[in-house]
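J.: Each chain is listed here by its residues.
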Amino acid sequence: GAVVSQHPSWVICKSGTSVKIECRSLDFQATTMFWYRQFPKQSLMLMATSNEGSKATYEQGVEKDKFLINHASLTLSTLTVTSAHPEDSSFYICSAPSPQGAGGELFFGEGSRLTVL
Amino acid sequence: AQSVTQLDSQVPVFEEAPVELRCNYSSSVSVYLFWYVQYPNQGLQLLLKYLSGSTLVKGINGFEAEFNKSQTSFHLRKPSVHISDTAEYFCAVTKNSGYSTLTFGKGTMLLVSP
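Sequence order for the protein chains is E and Y. Take the first sequence: its letters are residues 1 to 117, numbered as in the working numbering. Take the second sequence: its letters are residues 118 to 231, numbered as in the working numbering.
Bound-form chain E, shown alone (with noise of 0.2 Å):
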């Protein structure tokens, strides 16, 4: 089945630097990618969606400055924190949609463990 996967799959940085996370289609195209903030012990929260071609839409209270997101090709999506807090640790989780599109089923990424020291 269609496999989507993140990169890297933790990382540990200092308050202050910026730190990237590309999540990869890997076996379809998606033009649409989804990128999702999980705390521990709680559900996934959708913080923007990611548009090939054009900017990406952010969910209400998600700083664009601070999370940018760029869908540089049809199967790669980046996210960055820029200039990283600890608040800013957790859990980042990619998803893209279905290629047969029915459904509204979703492939997750591994996800990616931020923490911010």
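Careful, some of the hints might be misleading.
With a cut-off of at most 25 Å between alpha-carbon atoms, the simulated DSS-like pairs for lysine-lysine come out as follows [claimed, not checked]: (1) Y:K223 to E:K41; (2) Y:K175 to Y:K212; (3) E:K41 to Y:K166; (4) E:K55 to E:K14; (5) Y:K166 to Y:K223; (6) Y:K212 to Y:K223.
Incomplete in silico selection of chain E near chain Y, CB under 7 Å [as the list claims (entries may be wrong)]: (7) L44; (8) F108; (9) G109; (10) E110; (11) G111.
Keep in mind the hints are simulated off the structure, nothing from the lab. By construction, the Cβ of each residue, glycine as well, lies at the ideal position given by its N, Cα and C atoms.
Starting from the structure of chain E, add chain Y where the hints point.
T.: For chain Y alone, coordinates are given in the frame of chain E:
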């Protein structure tokens, strides 16, 4: 707006016992319903989905769920659980067909002990 309620944050159960994870939703329109499983430090994997047709849906790993429109529920069941079923389970709903975002419940942690 749509919402999903998972009534139990944690369900402890012994191996080989049956289990039911509850999910209720609210929506003013027809919905599609999903159950996802998340193992520690991993992304989500689709267990099963209800789009239309038979209200009893069978998924992977021996799980099944029943869509009950009158009770707006989509409870997940397994007749005999294994230690390997220990994971977080998320119920999700979307009102759109095609490419759409999902609204997730808060998750239920299934803890299977020997």
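J.: Each hint needs a verdict: does it hold in this structure or not?
T.: Results for each hint:
{"no.": "1", "hint": "Y:K223 to E:K41", "verdict": "holds (8 Å)"}
{"no.": "2", "hint": "Y:K175 to Y:K212", "verdict": "holds (21 Å)"}
{"no.": "3", "hint": "E:K41 to Y:K166", "verdict": "holds (23 Å)"}
{"no.": "4", "hint": "E:K55 to E:K14", "verdict": "violated (28 Å)"}
{"no.": "5", "hint": "Y:K166 to Y:K223", "verdict": "holds (18 Å)"}
{"no.": "6", "hint": "Y:K212 to Y:K223", "verdict": "holds (18 Å)"}
{"no.": "7", "hint": "L44", "verdict": "holds (5 Å)"}
{"no.": "8", "hint": "F108", "verdict": "holds (4 Å)"}
{"no.": "9", "hint": "G109", "verdict": "holds (5 Å)"}
{"no.": "10", "hint": "E110", "verdict": "holds (5 Å)"}
{"no.": "11", "hint": "G111", "verdict": "holds (5 Å)"}
Taken one by one, the earlier hints fail for this structure only at number 4.
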